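One line per chain: the protein sequences are W and A, in this order.
Following the numbering used here, the numbering of the first sequence begins with 1 at its first residue and continues without gaps.
Following the numbering used here, the numbering of the second sequence begins with 1 at its first residue and continues without gaps.
Among the hints, erroneous ones may be present.
No copy labels: a pair is met if it fits in one copy or bridges any two.
Said to hold, decoys possible - Once the Cα atoms are required to be at most 30 angstroms apart in a straight line, the calculated DSBU-like pairs of lysine-lysine come out as:
1. Lys119 to Lys46
2. Lys51 to Lys127
3. Lys48 to Lys34
4. Lys76 to Lys51
5. Lys127 to Lys48
Don't read these hints as lab results, they were simulated from the structure.
Predicted model, so just to flag it, every value in this text is computed and none were measured.
Protein chains: 2
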Amino acid sequence: MKELKIPLIKDGTVIDHITEGNAVKVLHILGIPKTTNVVSVAMNVKSKFGKKDIVKVENRELDPSEVDKIALIAPKATINIIRDYEVAEKHRVNLPDEIRGIVCCSNPTCVSNSKEPVKSRFKVISKDPLRIKCYYCEREPEDISERII
Amino acid sequence: MKELKIPLIKDGTVIDHITEGNAVKVLHILGIPKTTNVVSVAMNVKSKFGKKDIVKVENRELDPSEVDKIALIAPKATINIIRDYEVAEKHRVNLPDEIRGIVCCSNPTCVSNSKEPVKSRFKVISKDPLRIKCYYCEREPEDISERII
């Protein structure tokens with residue numbers, strides 16, 4: 001017996017093609033481990049293009065702000081919405097040209113870090129490798145994944 | 001097709017009966033995501049005693065200090081060592097009466113946090129719920145899992 005049968009998920013979301021090693025960051029974006037949903041994760045598994053991570057969450061469909069955050073750390077990820085055991089929707093994450101309200105500027109004196117009601121705003125200056133620049137103070141954060149709000 | 005066949009691991013470790021929601025903390029103890037080993041995780045799955053998490057790591061056997069740290073956050077965990085697809089060893093984690101060098105004291109002025117060559121040392125004063133007390137300053141850390149070194 002060299003195989004194990006596991007039930008497919010009936011309803012939920014499969015996030016595939018996550019950059020290897022980034023599954024734990026995806027879990028944090030999804031607010032896991034605070035969830036009670038069944039979650040399964042595979043890390044460093046072989047794929048056509050090297051290695052990848054996969055995250056499956058039962059009984060949950062992601063909201064757009066979660067998908068936007070995942071795009072920042074796993075730009076090649078695909079989101080598969082499962083309904084009644086079938087892939088009902090499949091789409092790639094998409095890096096927009098501008099990122100608002102989901103990354104915190106690394107400049108402590110930036111207006112987006114002040115008490116003013118100003119949401120953070122970044123221009124995407126390169127998608128691969130990902131580089132973003134603050135719209136207000138022009139600072140480029142180094143480790144973007146550490147600065148996701 | 002409501003099942004998925006996944007290959008069993010040939011060699012490695014299965015950490016079962018992890019307290020639900022604590023799989024991510026176990027991953028951090030194991031230095032994942034910095035590993036390149038294949039890792040799979042199931043969270044909030046049903047078990048005889050409610051819900052649990054499971055972590056499987058291929059091609060790796062845990063060292064004793066890792067097992068001691070896991071005991072702190074998942075006192076009911078079992079460690080299964082897999083060799084050639086078979087469970088070669090199975091043992092429960094064990095909370096010792098004294099914990100040395102793996103938890104950082106929450107008292108910033110404790111001698112174990114000074115520049116002196118003094119390793120942290122705690123007495124286990126209750127196993128369920130887990131309560132530990134610093135041998136040097138008698139401080140009881142509140143969130144032990146946040147203080148694992």
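Status of each hint after checking the structure:
1. Lys119 to Lys46: Result: close neither inside a copy nor across copies, 39 angstroms intra and 41 angstroms inter.
2. Lys51 to Lys127: within (20 angstroms within a copy, 41 angstroms between copies)
3. Lys48 to Lys34: The answer is between: 22 angstroms across copies meets 30 angstroms, while 33 angstroms in one copy does not.
4. Lys76 to Lys51: within (12 angstroms within a copy, 33 angstroms between copies)
5. Lys127 to Lys48: Answer is within; shortest intra-copy Cα gap is 22 angstroms, inter-copy 47 angstroms.
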